[in-house]
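Participant: Sequence:
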Amino acid sequence: MKWNESTLGAVVDDDGGTIQTGPFGSQLHQHEYRPEGVPVIMPKDISDGRVSAESVARVSEQTANRLARHKLHVGAIVLPRRGEIAKRAFIDQAQEDWLCGTGCLKIELAAHGRILPEFLYYYMEQHAAIRWLEQHAVGTTMLNLNTEIVGDLPVRYPNLDVQREIVRTLESYKELIENNRRRIALLEQAARLLYEEWFVRFRFPGHEHVKKVNGLPVGWKRPTLGEYAPFQYGKALREDQRADGDVPVYGSSGRVGTHNKPFVDEPGIIVGRKGNVGAVYFSEVPFWPIDTTYYIDNENVSRFLFYALQRLQFINTDVAVPGLNRGFAHSRELIVPTDPILSQYEEKVAPPFSMAKLLERQNTQLQAARDLLLPRLMSGEVEV
Numbered sequence: 008m009k010w011n012e013s014t015l016g017a018v019v020d021d022d023g024g025t026i027q028t029g030p031f032g033s034q035l036h037q038h039e040y041r042p043e044g045v046p047v048i049m050p051k052d053i054s055d056g057r058v059s060a061e062s063v064a065r066v067s068e069q070t071a072n073r074l075a076r077h078k079l080h081v082g083a084i085v086l087p088r089r090g091e092i093a094k095r096a097f098i099d100q101a102q103e104d105w106l107c108g109t110g111c112l113k114i115e116l117a118a119h120g121r122i123l124p125e126f127l128y129y130y131m132e133q134h135a136a137i138r139w140l141e142q143h144a145v146g147t148t149m150l151n152l153n154t155e156i157v158g159d160l161p162v163r164y165p166n167l168d169v170q171r172e173i174v175r176t177l178e179s180y181k182e183l184i185e186n187n188r189r190r191i192a193l194l195e196q197a198a199r200l201l202y203e204e205w206f207v208r209f210r211f212p213g214h215e216h217v218k219k220v221n222g223l224p225v226g227w228k229r230p231t232l233g234e235y236a237p238f239q240y241g242k243a244l245r246e247d248q249r250a251d252g253d254v255p256v257y258g259s260s261g262r263v264g265t266h267n268k269p270f271v272d273e274p275g276i277i278v279g280r281k282g283n284v285g286a287v288y289f290s291e292v293p294f295w296p297i298d299t300t301y302y303i304d305n306e307n308v309s310r311f312l313f314y315a316l317q318r319l320q321f322i323n324t325d326v327a328v329p330g331l332n333r334g335f336a337h338s339r340e341l342i343v344p345t346d347p348i349l350s351q352y353e354e355k356v357a358p359p360f361s362m363a364k365l366l367e368r369q370n371t372q373l374q375a376a377r378d379l380l381l382p383r384l385m386s387g388e389v390e391v
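Its first residue numbered 8, the sequence shown is counted upward by one per residue in the numbering used here.
Some clues are possibly wrong.
Listed next, the in silico EDC-like pairs over lysine to aspartate or glutamate satisfying Cα-Cα at most 20 Å (straight line) [unchecked claim]:
id : residue 1 : residue 2
1  : 181       : 246
2  : 228       : 215
3  : 281       : 91
4  : 219       : 91
5  : 268       : 291
6  : 181       : 291
7  : 268       : 247
8  : 364       : 304
9  : 9         : 172
Hint data in this document are derived by calculation from the structure and do not stem from the laboratory.
With these hints in hand, go ahead and build the complete structure from the sequences.
Facilitator: Laid out in structure tokens, this is it:
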């Protein structure tokens, strides 16, 4: 079977698509962001091939219309143009008409072109394609892409029918992984709702017989975060420094890769320090938190603390780059129950989180199988 060879830029230009950067600082100012409005995708919002809407910035409809050339359509691929350039997200119906934000770059193929958007997304997921972009990016301390570099990316592609079959094969893995993610989310939601019932509404077992003093059940405390579970600084670990292994590597946007040895030798909690400020993650296994994060690994690490941190009001304390000041974070107060109530809660949530851990392990195995198959499909070595 014949596979065509070209560059991404040539295909895009010939078919009438576009490769375009998001607005620069002079086009979109800080004061234009709003609590509600049209979402603007930044590099921090891209993780695991998707866009997270939890911390996405927004602008008014008027501002979005002014920046209409940066609107995204179904099938677009968005990637950071600096920093973690290996990340990318495929835009689906839910992100139609969102904006490609500052620090990002979008690729939009023609509706009836030679390459399917889904095929290109998976093609760019290959280690070889990622490595090519990293090798041709400019900059030493931080990798940078531009439209010319991305346009020079070599691409190989079969006819559209074969592309559809390749996409269908890879999508089957994606569907299994997404189903597991949804099940994990439901399990975590159940534990979160129980946390709110016991520790926010104070309807814990036996609450009817416990008096309150200064608004808290007797025996409960209000320590500061610094007293109860102080933050430690993560350590830098560039992608090109990571070795093959199964130790999770965490950044402020969540899990960003793996390594062959941990920086923290026990389970712990990770908190976003730069970028996705205040985002909270729990690692059941030894892990490596990079320098955009804080971590907690003391004796108070628990599911209770995980949900308590999610309710704290962490405010951006760095105007130029979103950041979380350690001293400020340590000054926040927690509400901590008595040891018996805390133990009961941990016992209650242990079974669902054991199931979630099993599902996460399945997803790791599915991802590994897909990653082995991906380059063989894209080279034509495995026919569909």
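Participant: Does each hint hold? Answer for all of them.
Facilitator: Okay, the hints, checked on the actual structure:
1. 181 <-> 246: The given pair, whose Cα atoms are some 24 Å apart, is violated under the 20 Å limit.
2. 228 <-> 215: holds (19 Å)
3. 281 <-> 91: The given pair, whose Cα atoms are some 13 Å apart, holds under the 20 Å limit.
4. 219 <-> 91: Distance of about 49 Å is beyond 20 Å: violated.
5. 268 <-> 291: With a Cα-Cα distance of about 15 Å, the restraint between residue 268 and residue 291 holds, given a limit of 20 Å.
6. 181 <-> 291: violated (23 Å)
7. 268 <-> 247: holds (15 Å)
8. 364 <-> 304: holds (19 Å)
9. 9 <-> 172: Judged against 20 Å, a Cα distance of about 16 Å means the pair holds.
In the structure shown, a violation is registered for the earlier hints numbered 1, 4, 6, in ascending order.
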